[in-house]
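Engineer: Construct the complete structure from the given sequences, taking the supplied hints into account.
Protein sequences, first through last, are from chains W and V. 1 is the number of the first residue of the first sequence in our numbering; add one for each residue after it. 1 is the number of the first residue of the second sequence in our numbering; add one for each residue after it.
Incorrect hints may have been included.
[Stated by the list, open to error] Here are the simulated distance ranges between beta carbons:
{"id": "1", "chain 1": "W", "residue 1": "D116", "chain 2": "V", "residue 2": "M142", "range": "43 to 53 angstroms"}
{"id": "2", "chain 1": "V", "residue 1": "H118", "chain 2": "W", "residue 2": "A213", "range": "28 to 38 angstroms"}
{"id": "3", "chain 1": "V", "residue 1": "A296", "chain 2": "W", "residue 2": "D114", "range": "23 to 33 angstroms"}
[Stated by the list, open to error] If you want the ones that stay clear, here's a sample from chain W, every Cβ over 10 angstroms from chain V, calculated:
{"id": "4", "residue": "G125"}
{"id": "5", "residue": "K174"}
{"id": "6", "residue": "S185"}
Don't read these hints as lab results, they were simulated from the structure. As the structure is a computational prediction, the values presented were derived from the model and not from experiment. C-beta: ideal position from N, C-alpha, C; glycine also.
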Amino acid sequence: MTTHPHAAAISVPSPARSATPLSTRPEIRTHTEVPDVPDPVIECEDLSVYYGDFKAVTDVSLAFGHNEITALIGPSGCGKSTLLRCLNRMNDLVDSARVEGSVRYWGQDMYAPDADAIEVRRRIGMVYQKPNPFPKSIYDNIAYGPRVTGMKVDSMDDHVEQALRDAALWDEVKDKLKQNAYGLSGGQQQRLCIARTIAVSPDVILMDEPCSALDPVATLRIEELMLQLRADYTIVIVTHNMQQAARVADRTAFFTAGVNEITGDRTGVLVEYDKTSRIFGNPANSRTEDYISGRFG
Amino acid sequence: MTSTVAAARKGASRTLTSTGGVRSMWGKLRSLGFLVFLWISLLVALITLVVLILDTIRTGATRLDTRLFTEYPSSRPAEAGARPAIIGSAWVIGATAALAIPLGVAAAVHLEEFANRHSKVNRYVEVLVQNLAAIPSIIYGMLALSTLALMGVSNKNIVIGGALALALLILPVIIISTREALRAVPREMRQGSLALGATDVQTVWRTTLPAAIPGIATGTILALSRALGEAAPLLLLGGLVFISFDPNGLLSGFTTMPIQIFGWTGNPQAEFHELAAAASIVLLVILLAMNGLAIAIRNRYQRRW
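Structural biologist: Now the structure itself:
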């Protein structure tokens with residue numbers, strides 16, 4: 001497997017620290033080249049998401065920078081995953097879901113009446129919490145996206161190989177491309193899902209807690225991979241793991257849940273969005289400070 | 001500070017062995033009685049089945065020869081065979097499968113993947129399908145009969161007529177089992193496909209349906225084996241006829257194995273009863289093979305998503 005210059009900078013959480021993960025401030029891995037203001041690929045403005053009458057997320061304004069990794073962190077039920085699913089219109093699949101405000105992709109409103117959700121998803125891919133390969137061969141898993149989207153590729157074999165190389169999986173699977181993807185380990189399956197997403201050449205990759213079902217070694221490999229992919233893709237990752245956000249993200253958005261005193265509904269709000277080094281080093285909001293230092297959450 | 005719940009534990013005994021006494025004696029007797037009742041129920045069912053099969057084999061074994069498969073029915077039992085009935089069964093079941101599988105699978109895909117679950121109409125359709133599965137088979141025979149009559153078909157004992165009745169009969173079963181198979185495909189798999197930019201239809205064709213095929217196959221084979229053993233709706237179409245030729249098309253006259261068995265059983269001569277038993281064995285073997293295939297498919301493709 002090829003290692004990226006960034007990879008060496010990743011710190012492995014020591015057992016002592018992972019035993020009490022919330023008591024210590026996560027170590028920050030700084031990307032020196034992060035600009036002060038993100039060059040936005042996706043921009044949310046006053047975005048609110050409803051499920052029926054229930055407001056899951058309220059008034060989020062956020063810009064996701066080009067070729068940056070943005071982490072969404074916060075306690076359970078703060079609407080991070082809901083927000084993520086709005087970014088490629090996967091929330092459309094939930095019958096009662098409704099979006100207010102705007103989400104723009106390179107300036108175009110992706111919820112405009114003439115915007116096609118299928119086109120949105122071809123440009124903005126998604127990797128899920130639990131690896132979800134198709135019950136097909138490794139090869140067919142990768143070729144699936146190019147086939148359904150009618151992508152013109154000179155040679156599907158080369159295309160599959162390139163996607164697997166980009167996802168740092170090629171060396172492990174090159175001799176068993178015809179075997180069922182279910183035979184792979186969890187970490188390999190997750191990298192296969194990333195390769196599958198890359199194969200349709202998206203612009204943005206959304207990741208919904210991509211490592212929460214994986215062991216620490218597999219997690220580390222996914223993180224290395226994310227840092228490599230950062231050169232070509234814009235990545236948004238939802239994570240429960242603050243160390244992970246600190247290790248991989250250029251910018252971090254901290255969400256929390258505001259409780260409606262009358263109905264008791266928990267609605268997600270964006271508390272603070274800044275460079276990862278600021279969020280974990282010197283947050284402006286005391287709630288962020290409490291969360292990252294483990295006093296709340 | 002000890003909570004009241006924890007305090008309550010203090011008085012409780014920590015012995016795990018039975019403390020004896022009248023109450024526990026009664027309890028043991030009752031559970032023993034229940035167990036004996038279950039055993040007897042099982043035994044009654046099992047003994048009935050075994051006696052039935054053994055008796056059929058004993059009666060039919062002498063006539064279970066090649067003539068059964070090669071000869072046409074005859075008034076002389078020694079020369080009679082079930083050749084047209086076996087070929088007729090194959091034709092009718094084949095046509096039934098061709099009618100019922102595409103329709104049933106398509107209906108199930110619509111209900112499970114595309115229909116709006118909250119719409120009233122769809123909920124009525126759902127209840128209706130459930131109820132259709134419980135309707136006596138002869139009703140479907142009547143339905144097919146009147147449909148053919150409305151279409152002006154005078155000779156109703158034709159392969160396509162029988163297939164129509166049997167297809168209607170097993171359609172609800174196929175719909176229900178296909179829906180279950182589709183429902184067992186995890187949502188994440190559909191999402192994975194949609195997130196790659198596939199359309200709903202592509203997702204159904206390329207991901208959901210292929211993943212559900214083992215379940216669909218199992219349900220369909222069981223439904224077809226039910227249709228194979230069915231006689232009532234076909235009798236209504238006039239299936240109890242003397243056929244001395246090989247059924248050779250959808251409009252050909254036919255008889256099927258259950259009807260042939262029924263016909264032979266009605267004859268007074270004991271030799272015909274032997275023939276009926278021999279044909280029953282053949283039918284039984286085919287049905288067992290089909291059910292075995294269904295079980296094999298289920299075990300082979302049982303997925304741990």
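Engineer: Each hint should be assessed against the structure and marked as holding or not.
Structural biologist: Evaluation of the provided hints:
1. W/D116 / V/M142: 43 to 53 angstroms: holds, 50 angstroms
2. V/H118 / W/A213: 28 to 38 angstroms: Because 32 angstroms falls inside the window, the suggested range holds.
3. V/A296 / W/D114: 23 to 33 angstroms: violated, 51 angstroms
4. G125: The claim is violated: W/G125 sits with its nearest Cβ about 6 angstroms from chain V, within 10 angstroms.
5. K174: holds, 22 angstroms
6. S185: At about 15 angstroms from chain V, W/S185 clears the 10 angstroms cut-off, so the statement holds.
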